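S.K.: Here is what each chain is made of, one letter per residue.
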Amino acid sequence: MLAAPGLVFVTLGLLLPLALMLRNSLNRYDPSELMISAVTAENYLKFFGDAFYQEVLWRTVWISGLSTAICLVAGVPVAYFLARHVSALAKRMLLIVILVPLLIGNAVRTSAWMLILNDKGVLAAFLGLFGHEGPLGLMYSAQGVIIGLVSVLLPFMIITLNSVFESIDQNLEDAGQSLGAGHFTIMRRIVLPLAMPGVLAGSVLCFILSMNAYATPVLIGGPTFHMMAPTVYQQIAKVMNWPFGAALAFILMAVTLILTVGVSVVVQRRYRKWSE
Amino acid sequence: MPDVVLQDVAKHYGPAVAVANMSLRIGDGELVALLGPSGCGKTTTLRMIGGFVETTSGCITVGGRDVTALPPNRRNMGFVFQNYALFPHMTVAQNVAFGLEMRGVNRSDTDRKVREALVRVRLAQYADRLPRQLSGGQQQRVALARALVIEPDVLLLDEPLSNLDASLRQEMKIEIRQLQQSLGLTTIFVTHDQDEAMSTADRMVLMYNGKVEQVGPPDEVYGAPRSVFAAGFLGIPNLLPGQMLPGQQGFRLEAGPVLRLSGQAAVAGRCFLALRPEVISIHAAPPSDAENCLAGRVEIMTYHGSAVEYQLRTDIGLTLTARAVAPGLGGPALLPEGSRAWLSWPATAGVTVSEN
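As you go down the protein sequences, you meet chains A and B in turn. This note's numbering applies: residue 1 is where the first sequence begins, and numbers increase by one. This note's numbering applies: residue 1001 is where the second sequence begins, and numbers increase by one.
The hints are simulated quantities; they were obtained by calculation from the structure and are not laboratory data. All values reported here derive from a predicted model rather than from experimental measurement. Note that the Cβ used here is the ideal one computed from N, Cα and C, for glycine as well. Mixed in with the good hints, there may be bad ones.
[Unchecked claim] Cβ-to-Cβ under 7 Å is the rule here; a few derived chain B residues that face chain A:
#	residue
1	PRO1072
2	HIS1089
3	PHE1098
4	GLY1099
5	MET1102
6	ARG1122
7	TYR1126
[As the list claims (entries may be wrong)] Covered stretches of chain A (chain B as the covering partner; in silico rule of three or more C-beta atoms under 8 Å from a C-beta of chain B):
#	region
8	168-180
9	190-197
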């Protein structure tokens, strides 16, 4: 019964708007009258008929996948180091440092990246000291967006991985070592397989967050770099095409869901034997 | 099989000394128990031998080869962890095969050796199970098979029996001993249980506060503990404070009386007479020809089946524990709590131990 207020809140606050959006996505759009009540698939057909929007979706997927992969590669060593080689006090301090990016608002943090990444910015000035000339080309580029995304997603990855590394018995690594395995082999054969639930959770988290990223693609990507979340916003708030915006939002949600659930099922099937 | 030599090995954690200058030689094929209470440095010592803890100073050699600076994966030692540390995501066979794989042993040899190792610990039919599907004793045997299959120079066991119930512990104790004997393996194991150490080891190393208190075969250490700590830890409850009389004529108790004592080395100053409960006889009436006799009142009587243990408060204020054979097995009749009794023991019984 204690769950009742929560359930009511989730129903009213999440499912109801979603149902409303679903309904909107089936409506018809007219430039003069805006939304006309109807039941039609034309908004979805428009997406699948227009290469531009498919390209936006594809870009969103690969940017998110790549950002997640970078977070994973960068996060594993940091999280492992924190779990194994750092005293309790130092770890608390370092975790706070790692969490700092999350304490700063999205727009503020991204603006700071703009100051760093632009062609006359901090990074350009720094590289200039070493003789680098010409524009960096990081602003308004995929690389810039990925840098911005990784900077905010990495803390999520590190914290998720850290807790799973800490739950792995150090004796297992010692046992591996006494049997002749080096550090790399222990990581590959013992630690990572056992950390798989955490790797999966961290990756899913990062992927979902970057699929839905808004501020970073808008501010660093600029007006010609399109990803899904800003496009949804543009349709709903600028073009006032609510039905199409709603359809785009549903497509984004469906693709995110299919990809994360799909990957989770594949990974879990491989490791289910012992993890249940 | 090589021997293991520890020379002035020490481990300091900042100002705290975990192990202080320890020197010890473990002979070829010998089974040595590191025994002591928790925090005595026994596990640290074992982990230094295994390479998991760096030594602060000193050197460790195995068969003449200095391994002090080698990482664990290059020491060729089998290590059995207290919690077994089986890889939970690998089957029993994969666990056992892991060390062979690391050594680049080919597939067919690996399969054969794994099978042999599992047969040796009587787990052949469990090869494809996961560790969590096995009982504690079975997991322990997998850990043993995994450590032995790599043909290690030395076998190291950290509290191997502490997670097992009493009957299984007895069984594993015998099994470990038999395996060790049949392979002639130099073995070091850590325990806090003196029974376990005494019944398994060729020699035991009694440790306290990071130092070796006493080394020797179990009967020698138990029969002649050299310190109050050793006597207490080995389960000798009767430690009577006093002083030896000149010329080893006797032992003057601090409580007053002089006891007859023979065959003891001289100990200067305050010392203790350690009397095992089994050497003290209990009587319902004053014995006529006892060399040493103290009268008192039975405080606690504990019946153990084959033996009866009495705790007596003597008239001179000392509390003594005596262990008598049960009445049905030829021992004296039971003396109820509160009854008057007399304790006696021969002059040759007991050993004097120094204060520290």
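S.K.: Identify every previously stated hint that the structure contradicts and give their numbers, smallest first.
M.R.: 6 and 7
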